[in-house]
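**Q** Given next are the chains, with one letter for each unit.
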Amino acid sequence: MTNPQTPTDTVITLSSVTKRFGATTALNGVSIEVERGEIVVLLGLSGSGKSTLLRHVDGLEQPTDGSIKVLGENVAGLSGRPLRTLRSKVGFIFQQFELVPSLSVLENVLTGALATLRGPRLGLWSYGRANKLAALGHLDRVGLLDRAYQRADTLSGGQQQRVAIARALMQNPEILLADEPVASLDPESSDQVMALIREIALDRGLTVLCSLHQVDLALSWADRIVGLRHGEVVLDTPTVGLTKAQVMEIYGRVATTTSELQAIEAELLVGSIPDSAR
Amino acid sequence: MSTATRTSAVRRAGSRSGAREPSGPQTPPGSAAVRAPRRRISPERVAAALTLVALLAASIVALNSIGIDPAKMARSWSNAERFFGRVGAITFPEPGELLYFTALTVGLVICGTLLAAVISVPVAYLAASNTTPGNGWRAFARFFGVLTRSIPDVVFAMVFVLIFSLGALPGILAIGIHSIGMISKMFADAIEQIDEGPRLAIRAGGGSKLQEFTAGVLPQVMPSWVATVLHRNDINLRGSVILGYIGVVGLGMQMSFAFKSLDYGLGLGYAVVIFVLCVAMEVVSSAVRAAMLGIQPTGRGLGDRMLRGLRRIRPGSERLGVQAAAASPAAMLRRPWNGERVRNTVWGWIAAAVVVGSILICDIQWGDFITVWAKVPEIAAQFWPPSFGSYDASAMFEAMGETISIALAATLLTVIVSIVVGSLAARNVAPTRGVRAGMRLLLVVVRGIPEIILAIVLIVISGLGTQAGTIALAIGGVGLLGKLLADSFEEVKAGPERALTAAGASRLQVYAGATVPQGLRAMIGHTFYMIDCNIRSATLLGIVGAGGVGYYLLNASQGSHYGIVTAIVLMILVTVLLVEGLAIWMRRVFR
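So the protein lines, in turn, are chains A and B. Counted the way my numbering counts, the first sequence spans residues 121 to 398. Counted the way my numbering counts, the second sequence spans residues 1428 to 2018.
For the record, the hints were derived by calculation from the structure and aren't laboratory data. The structure displayed is predicted, hence computed values, not measured ones. C-beta atoms are modelled at their ideal positions from N, C-alpha and C, and glycine is treated no differently. The reader is advised that the hints may include incorrect statements.
Unchecked claim - Dumping the calculated DSS-like pairs for lysine-lysine here, alpha-carbon to alpha-carbon at most 30 Å: (1) K1636(B) <-> K1612(B); (2) K1636(B) <-> K189(A); (3) K1612(B) <-> K209(A); (4) K209(A) <-> K189(A); (5) K1920(B) <-> K1636(B).
Unchecked claim - Sample of chain A residues lacking proximity to chain B, with all beta carbon distances greater than 10 Å (derived): (6) T205; (7) G239; (8) L242.
To be verified - Computed footprint of chain B on chain A, listed as stretches where at least three residues anywhere in the stretch have a Cβ under 8 Å from a Cβ of chain B: (9) 157 to 164; (10) 275 to 288.
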């Protein structure tokens, strides 16, 4: 890599990545490049391969075929300490938040710092004052400083997702991956969380790769949309000037089964777009 | 569509699904009886069912051979009368002595349980499918667990009494090693049941394997682990009595001395003390569970019940609300001292004090750990090779047979009583709430009685051996199996029961048609667990004079014929492993 600070350098490169689980093909020759600072949405129905793709970027899955480069490193070839270091630079936000329910909010945030620490940690005291202060700062950023010492499972879903964002920030990441971050939240919390992710990303110049299934949300939120269907990229376009009808038309063209068409129709009805779009 | 074409269509369908062809003129072609696929009977299910029947038959034969019949029991009642006439009043040791031996027993048991808990953490880590580094490690950890569980703690104690000087250490080590089996299994089960999400999140953030375990797994399993350790501590306290018979200090030893010197009043006095101590320990562990873990006392044990009674008087106010609005991260660095934190800290220090106190009162001779190694080869040589010594091999097998008979007969009695009591104690079966409450109370009281104490007292009072032991095991079993059955019945899905009730079935029909079929698998599982427990207990009953192989075990150890000890342990081991394998097979077949 020549200069990582160049605004146009590529931080994520997938080159014809294929992933098979037994007989099923989750990803089929996917190639995507993401530039530093881009906010990209992976759009697709459930089972289209969005989660699998995200997990590959963080080295949680190994591709059957193809290569993945993240921040200049070849993910598939990494293990042990180098893999952990790379993972620490990539924050991951899950649909189900995945906080440790019985730990305090603060300790959950602190677990984001584990990659920079050696050995096991249990209990707030074991993370040290500097880390605690940083974690409290991140909690302040997501607006939950006053909840620091509560058990994580006493918070609402939206609050838990904000804690998860603070945990990702604790890693001091360069890339933020989010797997359906608002699928388990009510509309109001969804708006809050999505707005927060975008704000933080712009503040810190983070690259964001976020999977969603709502076309409206993706259009209003992302800079660019990558559409997946059956593990293949069917759409890759900036959102500027793009309408929902156009997106749905593309999906309609490639749809093959009735259930897919029904799902697309349902999506259209939600957005109350005329049926002619199909 | 003509009839002919319809019939041929049916034929085709029938032959495809492997059903019988229409059999006679009585059955109209195309009727449901014809089209119904034949019930498939797998040979494995048949074999399992036959095994169950064979076991039942063996149990009935065993019950007969032991000769438990009411007439004989009634006759032995005169023994009891004479006994009480001879003993006079129950006497207690002087308070200072009593206090010391009580503290020593409790301390020894706590030390042993904690030792097992510490060793169980790595064993469970290797044995749990989601944390194990490899299948080889997993098999090793499981085998280690099964081995420690299958060898009675009495045998470990015999060995350690030989190696170490008399005192608390042999008891601690015996309890510590024997308990690894159960604790590590429960620990591993808890690890396998965790939510993998938080662990994945820590991996995604760059955490190492060890960090995944401490930050993602440990916090999730901790409540279950603490509950397991407390539960095992109760079991170990009950079991510590018998260790006294082979030279481990504490209340059990004092009791055995009293009985050996024919001071029955004092012996029974110690029995009462141990009984009260067991109940008190159950109350305490329930309180600790509630206080340390915030687990509400919802259990049905004696301790939970008493604690709920107390809670009702003083309803606790939960303070989960928002803490004082925080000004800045720096101001929040110190965790506020709210009620919860004060409570946790106080309980933490009390727990630490109890552990330190336990270690201190055991007066462990740490120097022993350095000097024993020289003795190990010599002692190991005494235990090998296994032999039956001066005993006839057939006599030994007969004794083992008697032990198995006691276990099977006791299980049969337990199952019969437990099905009645356990059913009536289930909310969805009991005719009235009063009946359920009464049965639950009965189960709690029975479970509070340590069966080994019951056996000792019955043997001493009635003068009978095997019968008294069998009855003690059977009574002790009802407390456990009755509770397990009642819980299983309450856990069945309510839908089928409601459906049958709606269809006009009587209460008994609902029970037989919906409740029992749903609970059957659990019933079989629990019954095999019972056989498993009873075989282990039955091997020990002989030590207190209730017949079976335990008598020879004690004799061999006291006569320093350690080859015989090894031979008996191997017999026990084979039996226990067979039963365990059978239980695993049954659970798999009747899934």
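**Q** Does each hint hold? Answer for all of them.
**A** For each hint, the structure was consulted:
1. K1636(B) <-> K1612(B): Distance ~21 Å between K1636(B) and K1612(B) Cα, so the pair holds.
2. K1636(B) <-> K189(A): Cα-Cα ~24 Å, so holds.
3. K1612(B) <-> K209(A): violated (38 Å)
4. K209(A) <-> K189(A): The given pair, whose Cα atoms are some 13 Å apart, holds under the 30 Å limit.
5. K1920(B) <-> K1636(B): violated (39 Å)
6. T205: violated (7 Å)
7. G239: Its Cβ does come within 10 Å of chain B, the nearest being 7 Å, so this is violated.
8. L242: violated (5 Å)
9. 157 to 164: violated (count 0)
10. 275 to 288: Satisfied; 3 residues make the cut.
Violated hints, in rising order: 3, 5, 6, 7, 8 and 9; the structure is consistent with all others.
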